[in-house]
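Going down the list, the protein sequences come from chains A and B.
Sequential numbering from 32 applies to the first sequence in the numbering used here.
Sequential numbering from 2 applies to the second sequence in the numbering used here.
No lab work stands behind these hints: they were computed from the structure.
Be a bit skeptical, because a hint or two may be false.
In silico contact screen, one side only, chain A against chain B (beta carbon under 8 Å); selected entries [stated by the list, open to error]:
#1 Leu334
#2 Leu358
#3 Asp372
#4 Leu374
#5 Gly376
#6 Thr377
#7 Phe378
#8 Leu386
#9 Leu400
Computed from a predicted structure; not experimentally measured.
Built from N, CA and C at the ideal position, the CB exists for glycine as well.
Single-letter residue listing:
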Amino acid sequence: MQLKLTDVTKKFGDFTANNRVNLTVEPHQIHCLLGENGAGKSTLMNVLYGLYEPTSGTIEIDGAPVSFSGPGDAMAAGIGMVHQHFMLIPVFTVAENVALGHENTRGMSLDLETTRARIREISERYGFAVDPDAVVEDLPVGVQQRVEIIKALVRDAKVLILDEPTAVLTPRETDELLEIMRQLRDNGTSIVFISHKLREVRAVSDVITVIRRGEVVGQVGPETSTDELAALMVGRDVSLTVAKDTAHTTGTALEVRGLTVVGDNGVVLLDDVEFDVAPGEILAVAGVQGNGQTELTQALVGLEEQVSGSARLDGQELVGLRTREILASGVGFVPEDRSTDGLVGTFTVAENLVLDRYREREFAAGPSLRLGAISGHAGSEVNEYDIRTGSVDSPVATLSGGNQQKVVIARELGRPLKLFVASQPTRGVDVGSIEFIHKRIVAERDKGTAVLIVSTELDEIYALADRIAVFFHGRLMGIVGPDTPREALGRMMAGEPTDSVLPPAPWDHSHDDGGSPAGAPAGGSTAAPATAPAHAGGAAAVTLDGDGLDPGAHPADRTTDRPEGNRTA
Amino acid sequence: MSASTAPATSDQVSAPPPTELSAEDPRRTLLGSTLQSVLAVVVALILGGLLIAVTDERVRQAAGYFFARPGDTLSAMWRAASSAYIAMFYGAVYNPNGSTLADRLYPLTETLTVATPLILAGLGVALAFRAGLFNIGAQGQILIGATLAAWVGFAWQLPVGLHLLAVVVAGAAGGAVWGGIVGLIKARTGAHEVILTIMLNYVALNLVAWLLTLPGFQREGSSNPISPPVADTAMFPKLLGDHFRLHWGFVVAVLATVAVAWLLNRSTVGFELRAVGANPRAARTAGISVTRGFVVVMLLAGLLAGLAGTAQIAGTEHSLTSGVAASFGFDAITVALLGRSRPWGTFFAGILYGAFRAGGVTMQSMTGTNIDIVLVVQSLIVLFVALPPLFKFATRRSQEAAA
Chain A
32 MQLKLTDVTK KFGDFTANNR VNLTVEPHQI HCLLGENGAG KSTLMNVLYG
82 LYEPTSGTIE IDGAPVSFSG PGDAMAAGIG MVHQHFMLIP VFTVAENVAL
132 GHENTRGMSL DLETTRARIR EISERYGFAV DPDAVVEDLP VGVQQRVEII
182 KALVRDAKVL ILDEPTAVLT PRETDELLEI MRQLRDNGTS IVFISHKLRE
232 VRAVSDVITV IRRGEVVGQV GPETSTDELA ALMVGRDVSL TVAKDTAHTT
282 GTALEVRGLT VVGDNGVVLL DDVEFDVAPG EILAVAGVQG NGQTELTQAL
332 VGLEEQVSGS ARLDGQELVG LRTREILASG VGFVPEDRST DGLVGTFTVA
382 ENLVLDRYRE REFAAGPSLR LGAISGHAGS EVNEYDIRTG SVDSPVATLS
432 GGNQQKVVIA RELGRPLKLF VASQPTRGVD VGSIEFIHKR IVAERDKGTA
482 VLIVSTELDE IYALADRIAV FFHGRLMGIV GPDTPREALG RMMAGEPTDS
532 VLPPAPWDHS HDDGGSPAGA PAGGSTAAPA TAPAHAGGAA AVTLDGDGLD
582 PGAHPADRTT DRPEGNRTA
Chain B
2 MSASTAPATS DQVSAPPPTE LSAEDPRRTL LGSTLQSVLA VVVALILGGL
52 LIAVTDERVR QAAGYFFARP GDTLSAMWRA ASSAYIAMFY GAVYNPNGST
102 LADRLYPLTE TLTVATPLIL AGLGVALAFR AGLFNIGAQG QILIGATLAA
152 WVGFAWQLPV GLHLLAVVVA GAAGGAVWGG IVGLIKARTG AHEVILTIML
202 NYVALNLVAW LLTLPGFQRE GSSNPISPPV ADTAMFPKLL GDHFRLHWGF
252 VVAVLATVAV AWLLNRSTVG FELRAVGANP RAARTAGISV TRGFVVVMLL
302 AGLLAGLAGT AQIAGTEHSL TSGVAASFGF DAITVALLGR SRPWGTFFAG
352 ILYGAFRAGG VTMQSMTGTN IDIVLVVQSL IVLFVALPPL FKFATRRSQE
402 AAA
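Given the sequences, and given the hints that come with them, work out the whole structure.
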């Protein structure tokens with residue numbers, strides 16, 4: 032089925048969300064819509080799905096013009112959509128969810144057996160491994176997404192729209208989804224893939240249409256480089272890596288020892304974690320979502336109930352203090368989810384900028400707020416952080432995601448800090464803002480603040496880290512250097528111990544180290560000798576204080592581990 | 002690429018803000034909801050008028066020959082509804098038949114008198130709601146406040162001024178304790194405040210009924226459940242002289258409105274309460290104690306309802322009965338709802354409800370329209386206020402038509 036949009040324009044009042052967009056999705060094609068948050072991708076897809084009526088322009092299916100007055104029409108025409116936020120009923124089973132709205136009935140009773148059979152059939156064909164009788168709320172997010180895809184396929188969708196499908200997925204689930212998308216395409220389903228993640232887009236797309244400010248600014252192939260795509264998206268060259276000097280660190284700011292968090296149900300969420308962060312250093316925590324990183328950051332700022340162990344900041348014990356006391360002692364905290372934890376949506380930008388500072392002398396005289404000072408402070412922060420808002424008195428919920436995040440960052444970096452803890456500092460933020468926020472974080476580091484960043488985006492880890500700590504199942508797998516290859520990090524994130532993935536250390540001078548003859552420039556020999564010395568450096572890097580980097584220090588390890596290194600390389 | 006860098010950047014800065022911004026403009030929301038409250042009142046009054054007309058005896062007679070002379074029915078309907086509302090206006094605002102100016106303005110002072118406990122209790126409900134709590138317990142808080150105020154009023158002997166002050170403090174403290182219990186239990190155990198407040202209403206009601214059987218509380222020589230009258234020193238002085246019932250409790254209500262407005266919008270405590278109400282998780286992450294917020298707001302909400310009980314005892318009723326709170330505690334919920342949980346909104350909604358109550362009596366005596374019609378109108382208002390989707394739909398249609 033060919034889907035063609037001609038000159039589609041969608042206006043909301045004076046604002047043009049889509050301006051004369053032309054787009055053709057051919058059969059057997061994965062067509063990516065790439066654009067920053069707020070570029071108009073979702074609006075366009077909502078037009079296509081019948082949720083919005085286009086102001087002007089036409090939609091054609093196989094050459095015949097169509098108009099949809101609702102998603103029902105779009106579905107009937109063979110268009111299925113998987114929303115970013117799933118439209119599933121958590122307490123229903125998979126089969127019930129899939130049947131919902133299209134129930135087969137036998138007299139007055141519901142016939143789920145047909146639906147179950149279809150689910151099994153689709154599940155088998157694409158290797159979904161979805162049990163029709165599982166209750167949706169018990170399923171992992173990735174599987175729930177497959178249920179959404181099944182819903183569309185059961186209704187014979189020929190074009191499948193996936194709206195930011197990877198935003199909620201772990202890297203591994205993402206890879207599986209990309210594979211599923213390829214299979215679907217090979218079976219004849221066209222896919223419209225909406226994303227702003229450049230790497231995924233390049234990995235899976237046949238055609239990439241780039242949208243900026245509601246207009247199509249280019250159509251390119253997947254061979255286009257990441258930098259070119261980013262430039263197209265934001266309209267200027269973006270450095271995805273932040274220019275930063277090497278960290279000059281002395282001493283220890285944050286000292287974490289035996290930190291353990293136990294959940295409500297008695298499950299150990301963070302297991303005996305031990306590390307240090309030096310002043311003026313960024314320690315980036317890598318790991319698949321849900322492996323204890325969230326609990327680590329929350330425990331550091333006193334938001335977890337059952338915490339044992341110790342976390343000392345400049346000698347002061349943080350465990351046991353209340354959140355207010357911890358923040359007041361010089362800890363800045365950017366929570367993982369800005370809309371639920373970082374901001375009060377109905378509060379104004381000005382109020383949110385003092386959400387944890389309203390009691391400071393500057394903003395309050397005794398019990399009374401200094402509204403003028405709060406407003407003035409907001410004005411200067413909005414300028415300094417380039418927060419795009421109509422007014423400092425607008426509710427913060429009306430800002431775009433990137434600007435909301437800038438409000439949180441501005442607030443937390445706006446006071447003198449000893450430790451800055453940020454969880455997913457740029458999640459759901461457009462590329463331009465990512466660059467800005469990264470620069471700010473590095474600037475804070477350069478002021479001598481200890482920085483702890485948690486991110487599930489490896490790009491972000493590499494952009495910021497001075498050292499990388501990898502978490503798996505609540506445990507610290509190891510701390511490695513910032514030049515550790517992506518693939519090695521990935522294996523550590525999947526639970527392989529540091530020793531076996533052979534991460535090379537950036538400070539590994541083995542090449543000019545006489546003690547390591549095998550480390551001479553690889554020169555086309557086998558992989559084993561080339562990786563072995565690198566491994567030794569990596570093993571040393573795992574030690575917490577970051578010294579002891581002499582690659583010759585563990586010759587025995589090197590020899591014994593060599594076969595293993597061979598296997599995993 | 003580098004050549005286009007500069008213009009592209011400036012283009013980004015000057016780009017129009019996203020549409021959501023204009024749609025969610027705060028002033029617009031504020032105006033919108035005020036408009037919605039006014040609309041709800043108007044629509045409810047129209048429907049109430051229809052109901053008055055339909056139940057009117059002369060209208061029914063005229064309807065008997067509707068097809069012969071439909072004009073008779075319609076004019077009878079108009080007369081029934083308009084005369085009822087005019088009577089209500091006479092009873093609530095201004096009575097042109099009064100012989101003196103004082104007589105003519107008497108209805109307005111009655112409205113304000115009745116509005117006093119409604120405003121105070123309404124503020125209690127509104128304040129709790131701003132912190133995210135549904136305070137259904139104003140009734141119980143009024144009762145306990147009234148009980149303590151009455152006891153201090155009739156059992157203590159204090160000099161003029163001091164006695165009234167003691168009564169006010171006692172009433173406020175009684176309500177605050179009754180509300181604070183809810184906040185404390187919720188903070189400690191996570192129990193839902195709706196259940197707690199409803200149950201505490203029953204506890205308060207039966208506690209008062211039991212107290213009024215005790216020798217110290219029951220009026221001597223009376224077999225009825227009624228307390229002795231409070232001392233004259235414990236009464237609010239009349240605000241406009243003895244001709245009117247309006248008392249200084251109304252001034253307390255005005256001051257309370259000012260205080261709540263300051264508290265919510267200009268104080269650190271109010272900032273915390275609003276943050277807790279709007280997004281407790283973000284409040285907690287910002288170092289605000291959510292559980293402490295629950296206790297504080299319920300103490301304050303109970304305090305305000307307790308003042309309403311005080312106004313009843315020291316303003317109009319003089320002695321404690323188990324009916325002293327009437328249905329003020331429940332009407333307070335609708336008052337707060339109509340006032341959009343904003344201090345001055347609640348104030349004016351309280352006055353409107355006071356007018357309904359004061360005017361309803363006159364309406365019944367002058368036109369024979371049943372006073373229950375007032376209840377129907379009040380309920381319709383709540384219904385329409387609680388139906389924002391209806392109004393959203395209407396405004397969206399009109400916007401689309403305009404576009």
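Discussion item. Does the closest beta carbon of chain B sit nearer than 8 Å to the beta carbon of leucine 358 of chain A?
Written reply: Leucine 358 of chain A check passes; min Cβ-Cβ to chain B is 5 Å, inside 8 Å.
* Asked: Under the criterion of a CB-CB separation shorter than 8 Å, is aspartate 372 of chain A in contact with chain B as hinted?
  -> holds (5 Å)
Exercise for the section: With chain B as the partner, please determine if glycine 376 of chain A meets the hint condition of a C-beta pair closer than 8 Å. Expected result: holds (6 Å)
- prompt: Do the numbers back the hint for leucine 334 of chain A, that is, is its least Cβ distance to chain B under 8 Å?
  reply: holds (6 Å)
Item checked: Hint status (Cβ of leucine 386 of chain A to nearest Cβ of chain B, threshold 8 Å) -> holds (4 Å)
Practice item. Identify whether the interface hint at leucine 374 of chain A stands, where standing means a beta carbon of chain B within less than 8 Å of its own. Key: holds (6 Å)
- Message: So, as I understand it, the hint says leucine 400 of chain A touches chain B; can you test that by seeing if any CB pair is closer than 8 Å?
- Response: This hint holds: leucine 400 of chain A lies near chain B, its Cβ roughly 5 Å from the closest one there, short of 8 Å.
Q.
Given a cut of 8 Å on the nearest C-beta pair, is the interface hint for phenylalanine 378 of chain A held or broken against chain B?
A. holds (6 Å)
- Minimum Cβ distance from threonine 377 of chain A to chain B below 8 Å? It holds, given that the least Cβ distance between threonine 377 of chain A and chain B is near 5 Å, below 8 Å.
Checked against the numbered hints listed earlier, the structure breaks none of them; every hint is satisfied.
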